[in-house]
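Participant: So the protein sequences, as listed, match chains B and Y. Converting from the first sequence to our numbering requires adding 56 to each position, the first position being numbered 1. Converting from the second sequence to our numbering requires adding 1 to each position, the first position being numbered 1.
Output of the computed footprint for chain B on chain Y, the stretches with three or more beta carbons under 8 Å from beta carbons of chain B: (1) 17 to 29; (2) 38 to 46; (3) 59 to 70; (4) 101 to 108; (5) 190 to 196.
Below, computed lysine to any residue pairings styled on SDA-like, alpha-carbon distance capped at 25 Å: (6) Y:K88 x Y:F103; (7) Y:K107 x B:T102; (8) Y:K107 x Y:A4; (9) Y:K107 x B:F106; (10) Y:K195 x B:R144; (11) Y:K195 x B:T124; (12) Y:K195 x Y:L182; (13) Y:K107 x Y:A12.
Restraint-style ranges between C-beta atoms, simulated for each label pair: (14) B:L152 x Y:D3: 44 to 50 Å; (15) Y:A12 x B:A154: 40 to 46 Å; (16) Y:A12 x B:L155: 38 to 44 Å; (17) Y:D3 x B:A154: 49 to 55 Å; (18) B:L155 x Y:A106: 36 to 42 Å; (19) B:L136 x Y:A20: 22 to 28 Å; (20) B:V122 x Y:N144: 26 to 32 Å; (21) B:L152 x Y:M74: 19 to 25 Å; (22) B:L155 x Y:T161: 43 to 49 Å.
Keep in mind that the hints were calculated from the coordinates and are not lab data. Heads up, the beta-carbon is just placed ideally off N, CA and C, and yes, glycines get one too.
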Amino acid sequence: MDITLNHYLAVAGVLFVIGLMGVIMRRNLLIIYMSLEMMLQAANLTFVAFSRFNGLIDGQIFVFFVITVAAAEVAVGLALIVALYRLRQTTRVDALTALKF
Amino acid sequence: MDAFFFWLFAAGMIGFSLAVVLGRNPVGSALCFAVSMIFMASLFVMLSAFFLAAIQILVTAGAVMVLFLFIIMLLDIGVMSHLPRQKIWMGATFVLALGFVFLLAKVLNANPHGTMLTSALPNAPATVLMGRHPTPFQQNMINAGQMRPLAPVPESNDDTHQIGRVLFTRYVAPFEVTSLLILVATVGVVVLCKEEAPVRRKTAGEVDAEPQPETGPALTATR
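Let the hints inform the model, and build the full structure from the sequences given.
Facilitator: This is the structure:
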């Protein structure tokens, strides 16, 4: 059986759904963040698959940018989580309901 | 053989991703995420995106996950309870997931046999990307004026070579903007993580009303 573009798209879609479920279901802010990363990676897989099957390198360039932005985002997000933890001593999202402390 | 490895890597990636979402221990989740990203890098290799596979392992499975592990251990987060926040969120999750799977099925149905790689592109994407043998899709883009054929360069089958060429010609402006983004992110992280000056904390006034330790138990040790 040959592996077609559809196989890659399906795998990426499943990965995206798993990440979405993690974002909605979990209570730990860090796990939610990891699930967000997972959704970004699912998009990356789609980009690379389309790049390969269309014979265009541009998709891979976009993945390069996505990885860069995701890394910067993780740094800022984790800094925010640490700052939040200093204030409230928790990373549970259901304990963080107020915008102003 | 290709199919076997595809299914192996895809199953591994999805299995470890499920472990990230369902696992109770945050450290275990982070490690599972790293393994999942390594499987995804393997899928990138199968798509002959070798440069991105290396970047994926170095940046995502390496740097980002080490950062996550570092923060998890710094904050000393223990085992979390497994249950979702509320039953309604659980229901909403599954409704959303089902809806998304439905959309996915619809999209995949549009092209039920899938785009084959074997006939259109003989071996690697390299030969069609050089601009001398444009694919029909590229030719359409070129005809529509949305893409310029790249200047011919020495024959190369190397995806790193091509990414470098395109990144520093067609995408050089976004590339430079990325450096600005990283600079801003660095400054932002430093500002966020800076310890607040004690003088400022006193003048805040309302903070004293609710006695709170200035820093978490794990953070005081770093002083």
